[in-house]
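Hey, can you work out the whole structure from these sequences and the hints?
Here is how the chains run, residue by residue.
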Amino acid sequence: MKDVAVIGIGCTVFGEKWSHSFRDLFIEAGALALEDANLSGEQIDSLFVGNMSAGRFIEQEHIGALIADYAGLATEHTPSTRVEAACASGGLAFRQGVTAVASGMADIVVAAGVEKMTDVAPGQTVDTLASAADREWEGFVGATFPGLYAMIATDYMHRYPLTREQLALVAVKNHYNGARNPIAQFQQEISIDTVISSSLVADPLRLFDCSPITDGAAAVILAPLEIARKYTDTPVKVLASAQASDTIALHDRRDISTLDATVAASQRAFHQARLSHKNIDLVEVHDCFTIAEICAIEDLGFCTKGEAGKLTEEGVTALNGDLPVNTSGGLKACGHPVGATGIKQIYEIVQQLRGEAGKRQVDAQIGMTHNVGGTGATVVVHILGRS
Amino acid sequence: MSVARFWRKIPQRYNLVGTRCVTCGRYYFPPRSFCPSCRREGKIIDHQFTGEGSVVTYTIIRTASEQFENATPYIIAIVQLDEGPRLTAQIACRPEDIRIGTRVKKVFRRLGTEGKSGVIHYGTKFIPA
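If you're matching them up, the sequences are chains A and B in order. Position 228, counted from 1, in the first sequence is what the working numbering calls 228; the numbers after and before it change by one each time, with no gaps. Position 10, counted from 1, in the second sequence is what the working numbering calls 10; the numbers after and before it change by one each time, with no gaps.
The set of hints was computed from the structure by calculation and includes no laboratory data.
Derived CB-CB ranges, DEER-like:
id : chain 1 : residue 1 : chain 2 : residue 2 : range
1  : B       : V119      : A       : N38       : 54 to 60 Å
2  : A       : P122      : B       : C93       : 27 to 33 Å
3  : A       : K359      : B       : A4        : 54 to 60 Å
4  : B       : C93       : A       : S103      : 54 to 60 Å
5  : B       : A4        : A       : R164      : 42 to 48 Å
6  : A       : T163      : B       : A71       : 29 to 35 Å
7  : A       : D363      : B       : V107      : 57 to 63 Å
8  : B       : R109      : A       : E189      : 44 to 50 Å
9  : B       : P36       : A       : D322      : 35 to 41 Å
If you want the ones that stay clear, here's a sample from chain B, every Cβ over 12 Å from chain A, calculated:
id : residue
10 : V3
11 : V22
12 : C24
13 : G25
14 : R39
15 : R40
16 : G42
17 : K43
18 : I44
19 : E52
20 : D82
21 : C93
22 : K105
23 : K116
24 : S117
25 : G118
In this text, a Cβ means the ideal position worked out from N, Cα and C, and glycines have one as well.
In structure tokens:
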């Protein structure tokens, strides 16, 4: 297999983008990535696009061809494939792109993600997100997506000494980072009080424990490492690409508070990269809810079960800590356009490794991404390093 | 949801009919036609659960999807049936009456309707036993 590098990145500003259509979003992100790699469209061999639910959000399927068309590639007949794994669609699109380049099937590959979530009423958005879990046996009886993570939080807080304040500190930290990220949906700092006085969504989770509804798109360009320097002075090498599955329903898991697919994907990634946890300088984790960041830090193996709340309180995961987590602001503050999130995580790590992260820059040689579909039925983990 | 999609799950939704693998003795609810433990060696038969169990974890839903907007706040829990399998269900009780470990039993209830002319969803909820 060939070594693979990221040679270009692009991302829209995330938010409620009333004046931007689905097509506007992905064209903007794609153009930024191509410009960054100094490439033109006809050089692209293949596209992989992560998207959770255009069918329900904008009543449009067949996203692969649509994107190739509006990217001006219809006359080139460039292969374009939609990849879907709920909120892990972006991470999985990146993994498909890596596979295509590593195998030698393609050289220049675009891995992108896009979601337009605000063109339907909020009630419908809630229902569409619930389809990331088990529709027949969870959604049907009234379990919402925040409700499922709330049940993880109830179980976790019953078994481990996590305080309400520690959980709130996850959101406070991610808003601090988001306030330093020009593409973030929320560029404002918040306090513990903001979180614990916000309205309850599903006990014990409150509004500020939850990632928002977001429009946005992100794109990155992949190439074999051996030719990467033709396009960029700062290629970022893909050191590991791992994926794991678990039961679709939360109630069928071995342990409600452990995402076994995160454990499996993390172990596979570290094995592939021949690295250990102390080699990782920063990590973008899937904090769709504050409790999800707590579980992610533990399940990825950075500490033992029950310790992540204390680690957060001690500032270990802060921007100036030993292991900065979610320097982008995470899903909580940067926003969560579901299909785009996995690519935005790669975008953030590449910016950090290139030294282009501005006010939120950390000292980093190696970074990790962790993208979750549903309540943990799909997990995608990548490790990236300076080259 | 089409009438047929709802109708074909009536035994499971109304009466908690799940499955059991004769080869390994494991119980499944929601039902499975393929035993994840025995795979091709498995032999699956129907099994009616007693509907008694205990609460593993729970939440109170304050913001719901369109279909359940009028029902908020309501309790959702993961219930472990006494035979072993777990399922997600509503618990019909006051929020202060539920804890992890609360003993519950099944009851037949209306879950919701699809507009004025759509399917009426019935199914199983639980109440403290």
